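J.: Line by line, the protein sequences give chains D and G. Read in order, the letters of the first sequence correspond to residues 1 to 115 in the numbering used here. Read in order, the letters of the second sequence correspond to residues 1001 to 1114 in the numbering used here.
These are calculated hints, taken from the structure and not from any lab test. Heads up, a few of these hints could be off.
Stated by the list, open to error - Taking CB as the label site, the calculated pair distances span:
| hint | chain 1 | residue 1 | chain 2 | residue 2 | range |
| --- | --- | --- | --- | --- | --- |
| 1 | G | Pro1114 | D | Glu68 | 21 to 27 Å |
| 2 | D | Glu78 | G | Leu1018 | 44 to 50 Å |
| 3 | G | Thr1077 | D | Arg59 | 44 to 50 Å |
| 4 | G | Glu1071 | D | Asn18 | 37 to 43 Å |
| 5 | G | Ser1080 | D | Asn18 | 31 to 37 Å |
| 6 | D | Thr20 | G | Gln1100 | 44 to 50 Å |
| 7 | D | Ser27 | G | Ser1028 | 40 to 46 Å |
| 8 | G | Ala1001 | D | Arg64 | 24 to 30 Å |
| 9 | D | Gln54 | G | Pro1079 | 40 to 46 Å |
| 10 | D | Glu68 | G | Ser1084 | 25 to 31 Å |
What the hints assert, rightly or not - Derived list of chain G stretches under chain D, where covered just means 3 residues or more per stretch with a C-beta under 8 Å from a C-beta of chain D:
| hint | stretch |
| --- | --- |
| 11 | 1011-1018 |
| 12 | 1074-1082 |
To be verified - Residues from chain D that face chain G, not an exhaustive set, calculated with beta carbons under 10 Å:
| hint | residue |
| --- | --- |
| 13 | Gln6 |
| 14 | His10 |
| 15 | Lys14 |
| 16 | Gln17 |
| 17 | Phe21 |
| 18 | Arg31 |
| 19 | Gln37 |
| 20 | Gly40 |
| 21 | Leu55 |
| 22 | Glu56 |
| 23 | Phe65 |
| 24 | Gly72 |
| 25 | Phe74 |
| 26 | Ala88 |
| 27 | Leu91 |
| 28 | Thr105 |
Please read all numbers here as calculations on a predicted model, not as lab measurements. C-beta: ideal position from N, C-alpha, C; glycine also.
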Amino acid sequence: DTGVSQDPRHKITKRGQNVTFRCDPISEHNRLYWYRQTLGQGPEFLTYFQNEAQLEKSRLLSDRFSAERPKGSFSTLEIQRTEQGDSAMYLCASSSLSRGANGYTFGSGTRLTVV
Amino acid sequence: AQSVTQLGSHVSVSEGALVLLRCNYSSSVPPYLFWYVQYPNQGLQLLLKYTTGATLVKGINGFEAEFKKSETSFHLTKPSAHMSDAAEYFCAVSPNTGFQKLVFGTGTRLLVSP
C-alpha cells in the first residue's frame, strides 16, 4: 500500500491553457474525492466517485472542470482555459465504502500556478 | 448541512506550553469529526477522529480532542508543544450517515517559539 499518489506535484501554466492532473488511489478503495485548497483556506470539496460513477459535484466545479474515473481506479481532473483564479492546491483522497470515515486518506496534492 | 468554525487563524505558544486549538461545528445529524495537520506544500495528515463511542479521542504526536455535544465543540489539545508541531491545523466534519465528503474549517496556524 503506497498511499494516494498525485501527479504532477507542481504545475505552472499560462492562462488559457488546459491542464490535467492524475490521482491514483489506494488500490482497494472504491471511493475517490477531489478537493481544492486556495491560499489561507481549508480544502473545499469538488467532486467524488464511487467506482467509476461520479455521484456528486460541487457548485465550485464550473463547466471548465471535468473529472473522470473511467475504470474505477485512477482519476483525472482536467481544467480547460485556465484562469488565474484556478491557482490552488488540488487534493485527492480515497476511502473504502466499507470502512467509511476510518479509511479516508489524502494524497500530497498538485499545486497549480496559473500565470 | 454541516459547517465548522475554527476560532483564531493563528495561535502562538512557547515550546513546552499547552496547545489549545478551538473548533465548533454545526451539523443537523450526529457528526463525524476530524483534525488534520498540514505542513508546508504537503497534503493533509490525519491527527485523530471522532466517530462514535468515547468522547475523548487520542491521536498521533500526543494530540487529543474531546467531543462535547452540548457545546458543539471538538477542541484539539496537546499538553506540551514541540517545535515540530508548528503547522496548519484543520478541523473537519462529516455526517455520520453515508460519509461522502468532509467540510473543513479555514484552519489555524500554530506557531511555536523556543
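J.: Now, for every hint given, state plainly whether the structure supports it.
T.: Hints, verified against the model:
no.: 1; hint: G:Pro1114 <-> D:Glu68: 21 to 27 Å; in the structure: violated (49 Å)
no.: 2; hint: D:Glu78 <-> G:Leu1018: 44 to 50 Å; in the structure: holds (46 Å)
no.: 3; hint: G:Thr1077 <-> D:Arg59: 44 to 50 Å; in the structure: violated (35 Å)
no.: 4; hint: G:Glu1071 <-> D:Asn18: 37 to 43 Å; in the structure: violated (48 Å)
no.: 5; hint: G:Ser1080 <-> D:Asn18: 31 to 37 Å; in the structure: violated (49 Å)
no.: 6; hint: D:Thr20 <-> G:Gln1100: 44 to 50 Å; in the structure: violated (24 Å)
no.: 7; hint: D:Ser27 <-> G:Ser1028: 40 to 46 Å; in the structure: violated (35 Å)
no.: 8; hint: G:Ala1001 <-> D:Arg64: 24 to 30 Å; in the structure: holds (26 Å)
no.: 9; hint: D:Gln54 <-> G:Pro1079: 40 to 46 Å; in the structure: holds (44 Å)
no.: 10; hint: D:Glu68 <-> G:Ser1084: 25 to 31 Å; in the structure: violated (39 Å)
no.: 11; hint: 1011-1018; in the structure: violated (count 0)
no.: 12; hint: 1074-1082; in the structure: violated (count 0)
no.: 13; hint: Gln6; in the structure: holds (8 Å)
no.: 14; hint: His10; in the structure: holds (9 Å)
no.: 15; hint: Lys14; in the structure: violated (22 Å)
no.: 16; hint: Gln17; in the structure: violated (22 Å)
no.: 17; hint: Phe21; in the structure: violated (13 Å)
no.: 18; hint: Arg31; in the structure: holds (8 Å)
no.: 19; hint: Gln37; in the structure: holds (8 Å)
no.: 20; hint: Gly40; in the structure: holds (7 Å)
no.: 21; hint: Leu55; in the structure: holds (7 Å)
no.: 22; hint: Glu56; in the structure: holds (6 Å)
no.: 23; hint: Phe65; in the structure: violated (16 Å)
no.: 24; hint: Gly72; in the structure: violated (17 Å)
no.: 25; hint: Phe74; in the structure: violated (17 Å)
no.: 26; hint: Ala88; in the structure: violated (13 Å)
no.: 27; hint: Leu91; in the structure: holds (6 Å)
no.: 28; hint: Thr105; in the structure: holds (8 Å)
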